[in-house]
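K.L.:
To convert, note that position 103 of the sequence shown is 102 in numbering that gives the first Met the number 0; the numbers rise steadily by one, no gaps.
I should point out that these hints are in silico values taken from the structure, not numbers from a laboratory. All values derive from a computational prediction rather than experimental measurement. Be aware that one or more of the hints could be misleading.
Claimed, not checked - Straight-line alpha carbon distances no greater than 30 Å define the calculated DSS-like cross-link-like pairs of lysine-lysine that follow:
id, residue 1, residue 2
1, Lys61, Lys38
2, Lys38, Lys6
3, Lys104, Lys6
4, Lys24, Lys104
5, Lys104, Lys61
6, Lys38, Lys63
7, Lys6, Lys61
8, Lys6, Lys63
9, Lys104, Lys38
10, Lys38, Lys48
11, Lys24, Lys48
12, Lys104, Lys115
13, Lys48, Lys6
14, Lys48, Lys104
15, Lys63, Lys115
16, Lys115, Lys24
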Amino acid sequence: MQRDEMKVFCQNLIINRIVFERNMKEMDNSGIELSIVPKVAQNRDENNKRVRLETEIIIGEKGKTSFWCEMNIISILSWSGETHNFDEEIIRLGIPYVMSFARVKVIELCQQAGVKPVYLPELE
Numbered sequence: 000m001q002r003d004e005m006k007v008f009c010q011n012l013i014i015n016r017i018v019f020e021r022n023m024k025e026m027d028n029s030g031i032e033l034s035i036v037p038k039v040a041q042n043r044d045e046n047n048k049r050v051r052l053e054t055e056i057i058i059g060e061k062g063k064t065s066f067w068c069e070m071n072i073i074s075i076l077s078w079s080g081e082t083h084n085f086d087e088e089i090i091r092l093g094i095p096y097v098m099s100f101a102r103v104k105v106i107e108l109c110q111q112a113g114v115k116p117v118y119l120p121e122l123e
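Using the sequences and the accompanying hints, generate a full structural model.
P.N.:
What follows is the structure, encoded as structure tokens:
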């Protein structure tokens, strides 16, 4: 019997917190650092196929890049299929949803601050 591969679907994305600081000096944005720290909170009801993925994203470094941005994004994901590594699979399949949302927000914030936009990398 073949196992159904796990699939994840985004139900909701919420910006819980966002901080954007512009460095008044013109700086090079090439090689800007990106940190992504995800946390999974599984639903206590085993029959409820929803999970919360909270992701802390930090872009740039204070005083060393043209801006520094910190975001906390909460996503509510539904899932189907089976896996032995639930948290790892939720993160692997859920982070692309979060990052597509974060990418747009970072470009928007850069434009509003008059900073050359940074295009965050695609994650697989």
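K.L.:
Are the Cα positions of Lys48 and Lys6 separated by 30 Å at most?
P.N.:
This hinted pair holds, its Cα atoms lying about 11 Å apart.
K.L.:
For the pair supplied as a hint, Lys104 and Lys115, confirm whether the alpha-carbon distance does not exceed 30 Å.
P.N.:
Holds - the C-alpha atoms of Lys115 and Lys104 are around 14 Å apart, at most 30 Å.
K.L.:
Is the straight-line distance between the alpha-carbon of Lys38 and that of Lys63 30 Å or less?
P.N.:
holds, 28 Å
K.L.:
Is it true that the CA of Lys61 sits at most 30 Å from the CA of Lys38?
P.N.:
holds, 24 Å
K.L.:
Just to be careful, I want the Cα atoms of Lys115 and Lys24 compared with a cutoff of 30 Å; is the pair within it?
P.N.:
holds, 12 Å
K.L.:
For the pair we were handed, Lys63 and Lys115, check the Cα-Cα distance against 30 Å.
P.N.:
holds, 15 Å
K.L.:
Assess, step by step, whether the Cα of Lys48 is no farther than 30 Å from the Cα of Lys104, and give holds or violated.
P.N.:
holds, 28 Å
K.L.:
With a cut-off of 30 Å on the C-alpha distance, tell me whether Lys24 and Lys48 pass.
P.N.:
Violated, at about 48 Å.
K.L.:
Between Lys24 and Lys104, is the straight-line Cα distance small enough, at 30 Å or below?
P.N.:
Answer holds: Lys24 to Lys104 is near 22 Å, not above 30 Å.
K.L.:
Check whether the Cα positions of Lys6 and Lys63 lie no farther apart than 30 Å.
P.N.:
violated, 39 Å
K.L.:
For a C-alpha distance cap of 30 Å, please report whether Lys104 and Lys38 respect it.
P.N.:
holds, 21 Å
K.L.:
Is it true that the CA of Lys6 sits at most 30 Å from the CA of Lys61?
P.N.:
violated, 37 Å
Hints 7, 8 and 11 from the earlier list are contradicted by this structure; the remaining hints agree with it.
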